[in-house]
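Student: Those sequence lines, one after another, are chains D, X and F.
Quick note, in our numbering, the first sequence goes up one by one and the last residue is 810.
Quick note, in our numbering, the second sequence goes up one by one and the last residue is 255.
Quick note, in our numbering, the third sequence goes up one by one and the last residue is 424.
Keep in mind that the hints were calculated from the coordinates and are not lab data.
Note that this is a predicted model, so its numbers are computed, not measured.
Check before you lean on any hint, since a few could be wrong.
[What the hints assert, rightly or not] Listed below are several chain F residues computed to face chain X (Cβ distance under 10 Å; list not exhaustive):
1. L146
2. L151
3. I212
4. V220
5. L241
6. W256
7. I273
8. F277
9. L278
10. I402
Don't be surprised by glycine CBs; every beta carbon is placed ideally from N, CA and C.
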Amino acid sequence: MRLHMSRRSRTVVGAAVAFAMLGLAGCAPGASAPEETDGVEVSTELTDEEVVLTIADETGFPVTDALTEEFTRQYPNVTFEITRDTFQNLTANAPRLLAGANPPDLIRLPTIGDTVKDGLLANLDPYYEAYGWDAWPASQLSPLRMSEDGVRGSGSLYQLGLGYSVTGIYMNLNHAETLGITEPPKTIAEMEEMMDAAKAAGILPIMAGDSDGVVNFVVQALMNQYADQDEFLSWMFNEPGATYNTEGNVQGAEKIREWADKGYFPSDINAIDYFTFVTRFSEGEGLFTFNGNWAAAGYQEALGDDVTFFLAPPVNEGDRFIAMGAANSFSVAAGSDNLNEIVYFLNWIHTNPEARQIIVDITGASPGGDPSLPLPEVEPGSLIEKALEMSAQIGADNGQVDFMANTTAGIYAGSIIPESQLLVTSQITGREFVERVQAFYEQEIGG
Amino acid sequence: MITSKTEIVIGRVLLALAVVLTLIPLVNMLSAALQPADRNPAGLTWPTDPQWGNFVEAFEVGNVWRLMGSSAFIVVCVVPIALLIATLAGYALGGLRIRGARAVLVLFVVGLTIPFESLIIPLYYQAQGLGTLNTQWAVIFPLIGLFMPFSVFWMRAHFVNVPRELSEAARVDGATMWQEFVRIQLPLALPAISALTILLFIWTWNQFLLPVVLIADPLDRTVAGALTFFQGQYYLSIPLLNAGALIIIIPAIIVFLIFQRQFIRALLQGAVKG
Amino acid sequence: MTTTSTSSAPRRAAARAAARRADLAGWLLVLPALAAYGTFVIYPLATGIQFSFYDWNGIGAATWVGLENYITVLTNPDLLGAIRNSFVLVAFFTIIPVGTGLVLATLIRTMRDGAALRAAQTVLFLPQIIPLAAAGIAWSWMYAQTGAVNQILNAIGLGFLARPWLADYATALPAVGLIGSWVLTGLCTVLLLTGIGKIDVSLYEAIRLDGAGWFREFITITLPGLRQELAVLVTLTMIAALSTFDIIYISTQGGPGRATLVPGLLIFRIGFTQSDVGLASAFGIVMMVLVLALVLPIQRLARIGDR
């Protein structure tokens, strides 16, 4: 396998490459954006023809299986094909899947990114009118909107949620009892006292992992309490001039650094991924863990009555609650051949009692939709009941913020994960964390 | 032969050590795969009650039949075509020694050093343009092209070493070029071709980057490319993940064990030729 | 590379006519391979070069940006860090396997070609057969906090060294590198062993009679005799080191921090997750140039030795 390149042959190669280049010069890459599907007439009636709807979803997210099964039971002429890939692969492939010749009808899409600008997503505004979704909570839908100039939070509706999540803190009540803790902390300072006590008693204060970035549930939970909610949101929605580098965010990040210095996190935190930290908390390790409602059913099963769930405490007692929460966002491909049918399915998920029950049972998330609809039945005193109460509380406080990981397509893998790994192991300061993430943001948005 | 006793002893000890070190991760996979699926095992311990059922479960959860089918399809398309056109080209460049052969050869050889990662972005948009994206063809076509540098180089190295007298004798006997190729050259080339077959099979079966990028549905990928899907599917269970990973590497290991002599010879010659 | 041998004068004319026929037929035979190679290697390479001069998100319109993407590749600390990491990996993919292979092959060169040696060769080759992604899975589990590596360290009284190897800033990159060593050492050993077998035994006997020791024998006979194999292995393993993707993708995703970030992973991430096709293409081209820049001198060196 040896390379012999004489001067002459190098010329040959060079000429070949140059020749190929010549053929390409002058024509910039990039196809014209796919056409908007405006040929279809909006209908809220379900077809009685045989239809196969396709869904691209992430692995480890079984709710679409149950929902589609129930839908097919109710409407046998509609069947589904679901493909699954890991979250990271799916997010990497999503724009190109949508731009392909055969896009999935429905796709799990955490970040809208350039997809609206490129005309890849179906605009749901006509259906919003037709189905009367104006009765649904506006705050829940606003992160799913995007304006024409690519700013999220307002404009046309491009996504809906298969459940609307809320995040908070789980506390192991066994450890709490050992430490004499009787109720959830009301302030961050109170929570820190509890963690000091835990540390002193040899109990891990916070079970968290960061090999895949999930410690950012903790990072953002703290930032939320210090930052100005609107300012933070404007950054997540990519409003022009918005910045991550605010005093509130720095304070939150510095708090994380302080917690890292004090040893509140597991020492091998960067080796722990989402599923490991969930498993380890389920096995009784750690006083607190930061997670979402989707983990409620699993924790309940593992820990029974020895666990509770509450919203992250504010800085001062009695301040309103702020928590990350987001739609489990799915978008309809602009190129879908079954626009009416797939939107019917989405509307059905928000309105049909069985579907709403499935959402709650499997994900523990609020089913969303018209607040006047009866809520699905849940076991009294269960974590899922707590999760629904928390959703209601956040709704009442208007305290929902999006996940900062959804700010841009590349920011989570490209910056937030690596920088948070450095932050929680005391390699960089909170200010450095914020500055670096902002620098990446500017580069990605600008470049 | 003069060698000191200590050298011999040290040599064997080191060899034994290398063998053990090579085997540990594989044995560790097996031991992990046999632990109860709902618990995460600790280190390298042979299970007291081996759960062979894990393999059955991993097989079903991982849709292994479909994956194997998909891999087999890709292999069956890539390998014969690559073999055929590389053999023809190798014969032309090595056996016929056409004018301009040198320049063509150099063009191919340069391809040996191009990392797949350098081409993956354009390959994606090419597949999109051809409409093959997210089908197995998106991997099949580029793989045939990407295997050409090595395959042509390999077959040429064989043909260039076939004595010219053989073909001259055939010509004198009045054989056409085609007859000569089929009756004389091809039988002689069989060992080289079969070695290349094994190499191409393994390389295709184990190909990771192309299927991960070019085929969105993990179940339409090669088994290696589907390992990311396994990671997602078995996230809760290290035993099942290991069982799944073992299942998908077994066909390659079987092929290797059957053809190991040819295989080792192939790889060695492949490396040194030229 | 051979040149056409000269034939004697009377047969020259006939030979020339035959050669012309052979030329035409030959080119027809080369054509399919050339077409496949041109379409799926050369053409993408050219489009990659083209993309690298644009700012393009892969879907919308593209803007010409000249060399801006290349400037980013060569100035952005993250991207440079990835390149630096891949050079560190060369130590583990090239130096360790080739070094170990040399030592082992030298020491066991006199071993009889019996069943034991053949079995050993088979085992040493196994890592070549399994997908790198599977090696990544196997080793992630070995390196885990509760994995076999820490278990072994504890067992031999080195428990204080135990750590989550892939999550520790100091050890993550070497740990990933050692996966490469594991994959490549067998290949190097077996190849070098075969190479040594081809060296004339009488050379060894002569130098021993001369009273030379192990080291001089190694320097004056073994090393020069293996020059060709060494060039091949160094080339092969360096390309593997610089284009690592599978192992990192499966085991660390570039973490912790950016300790194991490599160009292959960044190209994937920038090109597909961030949809910055131009920058990713430029990085791909830089990576190819780097490989060529490293590989060509080795080839030249090996050839100078030949003369």
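Student: Does the nearest C-beta of chain X fall within a distance shorter than 10 Å of the C-beta of V220 (chain F)?
Tutor: Hint on V220 (chain F): holds, closest Cβ of chain X at ~7 Å, below 10 Å.
Student: Answer holds if the nearest beta-carbon of chain X is closer than 10 Å to that of W256 (chain F); otherwise answer violated.
Tutor: W256 (chain F) check passes; min Cβ-Cβ to chain X is 6 Å, inside 10 Å.
Student: Min Cβ distance, L278 (chain F) to chain X: is it shorter than 10 Å?
Tutor: violated (15 Å)
Student: Holds or violated: the hint that I273 (chain F) contacts chain X, with Cβ atoms closer than 10 Å.
Tutor: This hint is violated: I273 (chain F) lies away from chain X, its Cβ roughly 13 Å from the closest one there, beyond 10 Å.
Student: Less than 10 Å between beta-carbons is the criterion; does L146 (chain F) satisfy it with respect to chain X?
Tutor: Holds, about 4 Å.
Student: Does L241 (chain F) meet its interface restraint, that is, does its C-beta lie within less than 10 Å of any C-beta in chain X?
Tutor: holds (6 Å)
Student: Does F277 (chain F) pass the interface hint, meaning its C-beta sits closer than 10 Å to a C-beta of chain X?
Tutor: violated (17 Å)
Student: Double-check L151 (chain F) for me: the hint is only fine if its C-beta lies closer than 10 Å to a C-beta in chain X.
Tutor: holds (7 Å)
Student: Against chain X, with CB atoms and a cut of 10 Å, does the hint on I212 (chain F) hold up?
Tutor: Constraint on I212 (chain F) not satisfied, violated at 16 Å.
Student: Would the hint on I402 (chain F) be counted as holding, given a Cβ-Cβ threshold of 10 Å to chain X?
Tutor: holds (6 Å)
Violated hints, in rising order: 3, 7, 8 and 9; the structure is consistent with all others.
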